[in-house]
Each structure stands twice: as C-alpha cells, then as structure tokens.
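Number of protein chains: 2
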Amino acid sequence: MKTALPNMTWIAVDWGSSLVRVWAMDAQGKVVATQQSSQGANRLQNTEYEATLLNLIEPWLENHQSVPVLIAGMAGSRQGWQEAAYLNLPWSWAKQAQSTFVVTQDSRIRVYLLSGLKQLHPPDVMRGEETQVIGLLTQQPDFNGVVILPGTHSKWVRLQEGVIQAFHTCMTGELFQLLSEQSMLRHSVTTQTWAAESFDAAFLTALAQPAQLSYRLFSLRAEHLLLDTKADALRTKLSAYLLALEIAAMREQGLIQAELPLALIGNSRLGQLYAHSLQLLGMKATRFDGEALVQAGLYRAYQELGLCVN
Amino acid sequence: MKTALPNMTWIAVDWGSSLVRVWAMDAQGKVVATQQSSQGANRLQNTEYEATLLNLIEPWLENHQSVPVLIAGMAGSRQGWQEAAYLNLPWSWAKQAQSTFVVTQDSRIRVYLLSGLKQLHPPDVMRGEETQVIGLLTQQPDFNGVVILPGTHSKWVRLQEGVIQAFHTCMTGELFQLLSEQSMLRHSVTTQTWAAESFDAAFLTALAQPAQLSYRLFSLRAEHLLLDTKADALRTKLSAYLLALEIAAMREQGLIQAELPLALIGNSRLGQLYAHSLQLLGMKATRFDGEALVQAGLYRAYQELGLCVN
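Just so you know, the protein sequences line up as chains E and U, in that order. In terms of the UniProt record's numbering, the first sequence opens at residue 1 and continues consecutively. In terms of the UniProt record's numbering, the second sequence opens at residue 1 and continues consecutively.
Looking at chain E on its own, in the form it has when it is part of the complex (with noise of 0.2 angstroms):
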C-alpha cells in the first residue's frame, strides 16, 4: 500500500472562531499539504470536532498509524471541543508549555490543545494568538516590544524577552461588523470598496477627541442624508474612527512608545490599515505574515510538548 503522504509526521491546526485551517507538516516543520474550511468554533458544537476535523484531514491517513494533531485557537474554549484551562501571566513559552489531550474516537489521531492565555489585572483572555507570538519569537527571541494582532478582537501584546507581560484586546472589528451590518448606518455604507483618500483626516480627528465616538457614529447617517456622500467614503470614515478608539487607548495604555518597538502580525489590508495608521502617528511597525507565524509557533509547541517522540 502506497503511503498517502510519505513525509508527513503530525498535523498542525489553527482553529479560529469562523476558520478552521489544517496542515499537514513534516519532521522539520514544513508544510506538505493544506486544508482548510468554514467550520470555525462559532458553528460547531462539541460533539461535531472530531467528525469535522476527520473530514480535512481523511485522505492524509493511514491505518494502524497514530499521527499527533496539535490545535491552536477556540476549539479549546469552553464552548468549543473540550476546555484547555488558560494558563496565567507572566507567561514564558519556553517554561509553561501546555497542552489538553482529547480523547477520540478514531485511533489514527492522538489530538492535543494548546492553552490560552489568560490576564486578571485587567481582565482579558486570548486563544490562538499565543501561537503567532510563539512563532514570532522562533524568528526573533529577544523582543523587546509590542505585538499586534489586528482583528475581530485585536490584541497588543507586552513581550519582553520571550515573556509575555500583559496584553490588551479591543472589540474594533466586531464593533465594524455590528456597525455596518446591523445597526442604522447599515443604509449608508452599502458598499465593499474603500475610499483611501476619507481615511486621514477622519482618523486624526478622531484620534484628537476618541470620546466623540457614539456622536460621530450618528454624523455619519445625517452626512448621507444631508450632503449625500458616497457609501465608500463613509464605510471609510466609519473604520478610520473605530480604529482611532483603538489607537487612543493603547497609546494611552503606554503601548505605542518612540522607543517602543512594535510588530503587527498580518499581510492581509487590514494589517495595511494598522501600519497607515501608526505612520500617521510617525510609529514604524514591522510586518509579519500571521500564517507563517502559527505554523512555526505550533512547530515550536510540538518539539516543546514531545510529541514528536511516539
């Protein structure tokens, strides 16, 4: 019998809350095969883990092999597969490693989770993030600085060192979606296109007075209704806002520092939207690409955990 995929030793994922994408990696961490679907954590219940994950992953494997699936993100939240207790800051990855063990039903897989993170001064978790901080820190061990993760619910991570100090998440992509898609504005930003020239000046002023949020929110209606501006500009003002919100309060929070080195995790346009909008406050990010980062964080896990050793 031929082997499906000869190289492959363990399986590395990332489950989010609306994606769930699936590696297929070899002994030295390379990626030989990709997956990935729509069944993030938000649409599954706990029962339809294993049946999901099998369904990606079926054609890699073998019978009388086990194969070590290590998970990154919400399938170890409380409402997703099983819970992996979060584990406390000050947090050092080379020290605290930690993983769930689940039990299958399918013996061609020994699955693990990855713990999250969890913060009480001031309250705050994180799952899956974690991983790319990892991954960061293979390519860079000694930063010293702050990590962005733009997103639904955006982290700025405090990381000295290899060690994880405090981290801090905002709702701004949420508050995107709730806005747009739900709420009265939803008739006066019907568009998908962006209209990079609105960005600036509402992003500026925004930042200026961030306490004017719920009224400019109401200016952007009355702007579509009284001086008909188009549905792109105002989808533009409406991010540009949100957006400032966020940047105020970390830069209040003493996250955004001249000597504070920051990176941001993220190629896709909205880690554009973040580097535009700490150059307009003269801070440099440096870029890095959050899929790249997962897999070597979840590489480095799974040479951490042992589970490499059958």
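Don't take every hint at face value.
Stated by the list, open to error - Simulated DEER-style distance windows between Cβ atoms:
hint: 1; chain 1: E; residue 1: THR152; chain 2: U; residue 2: ALA231; range: 20 to 28 angstroms
hint: 2; chain 1: U; residue 1: ASN42; chain 2: E; residue 2: THR193; range: 23 to 31 angstroms
hint: 3; chain 1: E; residue 1: ASP228; chain 2: U; residue 2: LEU227; range: 43 to 51 angstroms
Derived by calculation from the structure, the hints in this document are not laboratory data. Positions of the beta carbon are idealized from the N, C-alpha and C atoms, including for glycine.
Once you have looked at the hints, place chain U on chain E.
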C-alpha cells in the same frame, strides 16, 4: 346618530421608529382618547401608513366630517409615509412652523406631517424631538440651556430663548442594543435585572478615560469567563461605559457646564439613569415628562399652523 367622541376636534400623533402613539384631542389640547401600537416607522412601507393609522382611529371618526391629523416623528422621513423636508438651524418655532399635507384615500382625515430639523456643521438630523422641545417652550418660553432627550439616538439640544441653536445625536441606545443582543457580549449579559451598585464606579472610570471603550467592552467578557462576575453587574457596567462615553463627549462639546441649565425629558428608567449620571458630575437636571411635552408641542403646532380653522 351618536357622535363617537363629541369633544374631539383633531388628532395628535407621535410616529416614532418603533412605536406610534395617537391621541384624540379637544380644542383646548386636552386628550380625550388614546391609542398606540408597535407599528413604528421601522416596520412600515410608505403604502401602509394610512391603513395603520385608520386601524387605530377608526372608532373615533364620523362620516361627512374631516378631522385634522397632525403627525410628528419618523412618518415624515424619506423612508416614511412621505418626506417632510428638514428645516434649517437656527430654528425658532414661532417664525418657522411648517408641515407637509399628505393626500389620503379616506376623506375623513386631513393628514399633516411636521418637518424635522437638520444641521449642516456638523451634520445631524432630528425628527420628533423638536416637537417635545416646542412642548417644553410652552412651559418655559425663555429657557436658555440644554435639553437632553435620552433614547435609541439621544439628542442634546442647545436652546436659547425659543431658538434651537445646535444639537448633537449620540447612538448610545443603539450601541447598547447591538452589543447586548448581537455581539459576543450577549453571552455575558443574559439578564434584564439591574445591579445599581455596579454603575457608579464603572461610569466614573469610563468617564475619566473614554477612549478605552472598545478595550473595556472585551474586558466584560473576560470578567465573565475568569471571575464569574454576574450578568446583571456586567450589563450595568456595559450601560455605564456607553453612557460615560456620551456624557464625556457632550461635556467636551461644552454642553455640560455649571452655568447652563439642563432639562431632561423622559421619566423612564433611562431618564433616571441620565439624571443619576449627571448627579455624579455634580449637575442637576430638571425632569420633564416626554408624553406630556409631545402633546403640548403638537397642540402648539396645531394652533400655529392654523389647522383649527376648517
């Protein structure tokens, strides 16, 4: 034939986004009968208004008579029954009364839509609240201060001796609704009860650093996950954070000042919450009943527009 409502000479209507309230009025502006329904403007096509109205007032009508019906609110919006063009600021009721006549199929009613107000710098609009302000002016013709109208879209109106000089709308109520019902926070605020003891500290903290909003919002979720804080406390804090944002913004705009009288319209729990929040800033607002004011405003408009002359 007996007359249904012998004293009724006209009908007053407040047609809001979510609620329509109808009053049969006598010549002195006294209510002789009341109806209401949840057929607000948000639920209706423009072709459905006449039938909706008739359904509420049919028992009051007589054949061979034609009753004036004066309507304030969203029925006059672009998506409403028929558009009643906005009037400009500064706006003095006494000099600038205006209504739009609506052609109806049923000859027993003569329908007039009151105009709303628009402001160009910064862009803002109102429909319905101006009628409550007129009502307030019937009681205090020389009021020189700020009128606060809490609601889904709260209005702060700068009023000077009968003239509306400027106003600001905050989306606070809609933000609360979206966040408590549609966002990830809905899992953490699953209650209708109120934890008054959690309000003050949350309000004052958020007022001191309004920019921290989107970061504080996520913290509510984390508090639930990590500290098992109760849903009523989290819901109360959510409310406090959003109200603090509005009040911080309006204070920055110069609308909350020691020498500026505050009139607060609304006897609901929301009105009480605004009054309490202002007290935390050392401000005292005079309270008014919204329903009484909109009736008084409509009566004043009925007189000014000469609708009493058949």
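Consistency of the hints with the structure:
{"no.": "1", "hint": "E:THR152 <-> U:ALA231: 20 to 28 angstroms", "verdict": "holds, 22 angstroms"}
{"no.": "2", "hint": "U:ASN42 <-> E:THR193: 23 to 31 angstroms", "verdict": "holds, 28 angstroms"}
{"no.": "3", "hint": "E:ASP228 <-> U:LEU227: 43 to 51 angstroms", "verdict": "holds, 49 angstroms"}
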